[in-house]
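Colleague: Letter by letter, the chains look like this.
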Amino acid sequence: MKMITSSFVKHAARIVSITLLGVTLGHSPAQSAGDLPEIKAQSWSFSGPFGTFDRGQLQRGFKVYKEVCSGCHGLRQLHFRNLGEAGGPEFGEAEVKALAAEVEVKDGPNEEGEMFERPGKPSDAFVSPFPNENAARAANNGANPPDLSLMAKARVGGPDYIYALMVGYKEPPEKMKVSEGMSYNDVFPGHQIAMAAPLSEESVEYSDGTKPTLDNHAKDVSAFLMWAAEPKLEERHKLGFRFMIYLLLLSGLLYLAKRRIWSRLKH
Amino acid sequence: MAQKPTEPNRRDFMTIAAVSFAAVGGAASLWPFIDQMNPDASALSLATIEVDLSPIEEGQSITISWRGKPVFIRHRTGKEIEEAKGVKMADLPDPDARNGNLKDDAPATDINRVKDKNEKWLVLVGICTHLGCIPKGQRIGDAKGEYGGWFCPCHGSHYDTAGRIRKGPAPRNLDVPTFEFVSDTKIKIG
Amino acid sequence: MAHESTFKPGNSISKWFDDRLPIERMMHDQFGVFPMPRNLNYLWTFGGILTFFLVVQLLTGIVLAMHYVPHEGHAFDSVEHIMRDVNWGWLLRYMHANGASMFFLAAYIHIARGMYYGSYKAPREILWILGVLIFVVMMATAFMGYSLVWGQMSFWAVTVITNLFSSLDSIVSGLGTGIVEWIWGGFSVGNPTLNRLYSLHYLLPFVICGLVVLHIWALHIPGSNNPTGIDIKTKSDSIPFTPYYTVKDGFAMCVFVMLFAAFVFYAPNYLGHPDNYVEANPLATPPHIVPEWYFLPYYAILRAIPDKLFGVIAFAGSISILLFLPWLDTSKVRSSRYRPIYKWFFALFMIDVLVLGYLGAKPPEGLYLIVGRLATAYYFLHLLVVLPLLGWIEKPSAMPGSITDDVLGKKPAGAK
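Residue numbers (my numbering), protein chains in the order written: chain S, -3 to 263; chain A, 418 to 607; chain D, 10 to 425.
If you are wondering where the hints come from, they were derived from the structure by calculation, not from laboratory data. Here the structure is a predicted model, which means the values were calculated and not measured. Any given hint could be a false lead.
As the list claims (entries may be wrong) - Result set (BS3-like, lysine-lysine): computed pairs, CA atoms no more than 30 angstroms apart in a straight line: (1) K117(S) to K537(A); (2) K605(A) to K486(A); (3) K486(A) to K117(S); (4) K603(A) to K117(S); (5) K117(S) to K532(A); (6) K234(S) to K149(S); (7) K93(S) to K605(A); (8) K496(A) to K93(S); (9) K234(S) to K36(S); (10) K102(S) to K584(A); (11) K93(S) to K584(A); (12) K486(A) to K584(A); (13) K93(S) to K603(A); (14) K102(S) to K605(A); (15) K496(A) to K534(A); (16) K534(A) to K102(S); (17) K117(S) to K584(A); (18) K537(A) to K62(S).
Unchecked claim - Ranges between beta-carbon positions, derived for each pair: (19) R255(S) to D414(D): 22 to 28 angstroms; (20) S459(A) to L184(D): 46 to 52 angstroms; (21) D414(D) to A434(A): 31 to 37 angstroms; (22) E231(S) to G410(D): 55 to 61 angstroms; (23) S459(A) to F237(S): 24 to 30 angstroms; (24) L212(D) to E231(S): 48 to 54 angstroms; (25) F450(A) to E108(S): 45 to 51 angstroms; (26) W302(D) to R51(S): 33 to 39 angstroms; (27) G138(S) to E474(A): 49 to 55 angstroms.
Stated by the list, open to error - Example chain S residues on the side facing chain A (calculated, C-beta under 8 angstroms, incomplete): (28) R77; (29) P118; (30) Y242; (31) A253; (32) R256; (33) I257; (34) S259.
Ideal Cβ placement from N, Cα and C applies to all residues, glycine included.
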């Protein structure tokens, strides 16, 4: 399954890159943007039919999100309680409470009819950095940093793409002129991305002894976003295994019953 | 039919095994279809709430929403406590405390209607035990009934200053939810 | 098959019901002792598999509707709420989404089987037509269901497909635009559109159920066709439905469900499109719009034709032409087993449809467009020219005398 998935991912990535090539060439023939490299499949703890998330990796990934990404990107489908749920980063109850309390949540109206801010509770959703798209664009030079809740399912390649994007910042090729405020990225369609390289060596401090390299940061945050997009992945794999065993046994029984019954047709 | 018109034996072991195994799986597969109607994770996450009591002055009540139900929190006056304490057990239609924090058979004395002997604070699920209306008595000027507590306008049930039923069709005292004092001025309900 | 009922009520309660509403008698006659050809292969199990998936889609759909909110501001988030918060919500939604794909896969196999063995020929024309109608309503239902997710692909699929009607403008000025705005309930796809799509998505499955009942009814008048295409002649040609085909269908169903489960549990988004995990944005079209895989052949036909109106006509024609299949095929022989030339044309037709499916996912340009046009041409050529002509020209090969002869002739006694 793992192999099938990764080869599909490769294949799909190729289809999309060819398509994008067509689109970019069609619209702005001056741009030499066609050569999108293949998104390489990384080895993830969660891929394959028995895959599970690596708790430590998710916790580190959350830290990367919180300290780097969350300045511009929301995660609005998530609630703080999710951070403590089984199959996720599994922070302790007290930690979840503390993490929730770090943000100010708008609530109300109170008895005077005023909206007010209060510290977050585990039942609150993550608060997005900008109240609406216009505010986001105004603060980001016209670009709208997308919400990341489903990013790992909303791009071909999923977490592999996110990882490739994070480590894909490079010097542009000599002939290419990168517009002001934009950065060159190897895997971003069109190669010009409004987000400056967000991660580098030692962007975030790790407390569990993991080396704070760019590669680790990128991997951890990609894994975390995969969990954010698919929080029931572990439950799905676990139930799937049991159901498959059941189906195999039932097929066996039905096959034997079928043979037994049809053997009555003697000629 | 094939040449021999013998009715196939349905009690064949293999067939019974296959059919019963399929039936067990089929029945188990129904569970997700039933369980999906139970309160979901977002509803459960609101199952406990914390309430700050410090802004509630003596003689004041607030109503908060807990699991979609109103909860009455009353800062009782000394007079109210005395009144509630003075009631003879024999005068109570419902002799049980109905306190989620105590055993089921605890008697409905005033001290059993509060938490940790903290008599100032009365916390009640504000739903009439008759047919689910919300009794009056939370706001200044509300009818509080003949016993100075709460009065349900639907069918005329009167509750006293400890939220116990005294007169009318309601069968039980108002429920006291499970809660605890997180600090002197903060409680966690649920 | 018209025959005397052999049902005898076993007890007084059964008798009481039998005099008033003889459901037990019907089940006994139609699914208990119903005479089936004894030589059906596994391709004949797909009717049962399709019934199973109809039930799966109904059950999961009804419970998903308990949580889904058909509002442009809430639809996408309510789907995520189902995936994240509702008990087993992820399972129910993935079952529903992948169940639709499995439903279509089984339907395509079922249709191809009917075409190969000539199951549409007299006296089964109405059975076939009902099947085509079920297929059309299924396509409509699936399309509307996909739109409810309210992701980018949902939104733009609705926009593109509903805009097909605007091609009618070239016949009567303003007619197409009028129809499109009527479908939308506005001047673009929006909340009113979503609400009506939801209402119809809930309604149409019951229409399918009604058509399925008629389909089975029409099937049980002549009885099932079989790989030889020869009618049941003597008692030894047939066996009772139960237990022979109940157990065979059950086994096949279980194997097919394994494929279904593999998708649901291990590749739930494999058949979907990443863009549908981006919420609908009326101001930005995704760079590459593709329908779900089961619509790809028709989508390729639609795009193969450069004229908007004729593209739509070809698209609608490619499906409605199937209604006339019983009369387009002039051969007296049902089963392709005994049609040495048609066999190859049939294979070519299958390949043609697969090629069209492949091209439906490709941009309509360059070589893709040329191949797409050739494949579209063959699709119609096959049905409108090859099929009628071949019936006259072709000389069928020798056929066995009866179903029993076929079974015994091919396999010596004791093999089955």
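Colleague: Would you mind marking each hint as holding or not holding in the structure?
Modeller: Against the structure, the hints come out as follows:
1. K117(S) to K537(A): Holds. K117(S) to K537(A) sits at ~28 angstroms (cutoff 30 angstroms).
2. K605(A) to K486(A): The given pair, whose Cα atoms are some 15 angstroms apart, holds under the 30 angstroms limit.
3. K486(A) to K117(S): holds (20 angstroms)
4. K603(A) to K117(S): holds (15 angstroms)
5. K117(S) to K532(A): OK: K117(S) and K532(A) at ~25 angstroms, within 30 angstroms.
6. K234(S) to K149(S): Holds, at about 20 angstroms.
7. K93(S) to K605(A): It holds: about 14 angstroms lies between the C-alpha atoms, which stays within 30 angstroms.
8. K496(A) to K93(S): violated (40 angstroms)
9. K234(S) to K36(S): Distance of about 27 angstroms is within 30 angstroms: holds.
10. K102(S) to K584(A): violated (43 angstroms)
11. K93(S) to K584(A): violated (44 angstroms)
12. K486(A) to K584(A): holds (23 angstroms)
13. K93(S) to K603(A): Distance ~16 angstroms between K93(S) and K603(A) Cα, so the pair holds.
14. K102(S) to K605(A): holds (21 angstroms)
15. K496(A) to K534(A): Roughly 17 angstroms between the alpha carbons, so the hint for K496(A) and K534(A) holds.
16. K534(A) to K102(S): Since the Cα atoms of K534(A) and K102(S) sit roughly 36 angstroms apart, the hinted pair is violated (cutoff 30 angstroms).
17. K117(S) to K584(A): violated (41 angstroms)
18. K537(A) to K62(S): This hinted pair is violated, its Cα atoms lying about 43 angstroms apart.
19. R255(S) to D414(D): 22 to 28 angstroms: holds (24 angstroms)
20. S459(A) to L184(D): 46 to 52 angstroms: Distance hint for S459(A), L184(D) holds at roughly 47 angstroms.
21. D414(D) to A434(A): 31 to 37 angstroms: holds (36 angstroms)
22. E231(S) to G410(D): 55 to 61 angstroms: holds (58 angstroms)
23. S459(A) to F237(S): 24 to 30 angstroms: holds (28 angstroms)
24. L212(D) to E231(S): 48 to 54 angstroms: Taking Cβ atoms as reference, L212(D) and E231(S) lie about 33 angstroms apart, which means the hint is violated.
25. F450(A) to E108(S): 45 to 51 angstroms: Because 46 angstroms falls inside the window, the suggested range holds.
26. W302(D) to R51(S): 33 to 39 angstroms: holds (36 angstroms)
27. G138(S) to E474(A): 49 to 55 angstroms: holds (53 angstroms)
28. R77: holds (5 angstroms)
29. P118: Given a least distance of 6 angstroms, the restraint on P118(S) holds.
30. Y242: Cβ of Y242(S) sits 6 angstroms from chain A, so the hint holds.
31. A253: holds (4 angstroms)
32. R256: holds (5 angstroms)
33. I257: holds (6 angstroms)
34. S259: violated (10 angstroms)
When the structure is compared with the earlier hints, violations turn up for hints 8, 10, 11, 16, 17, 18, 24 and 34 and for no others.
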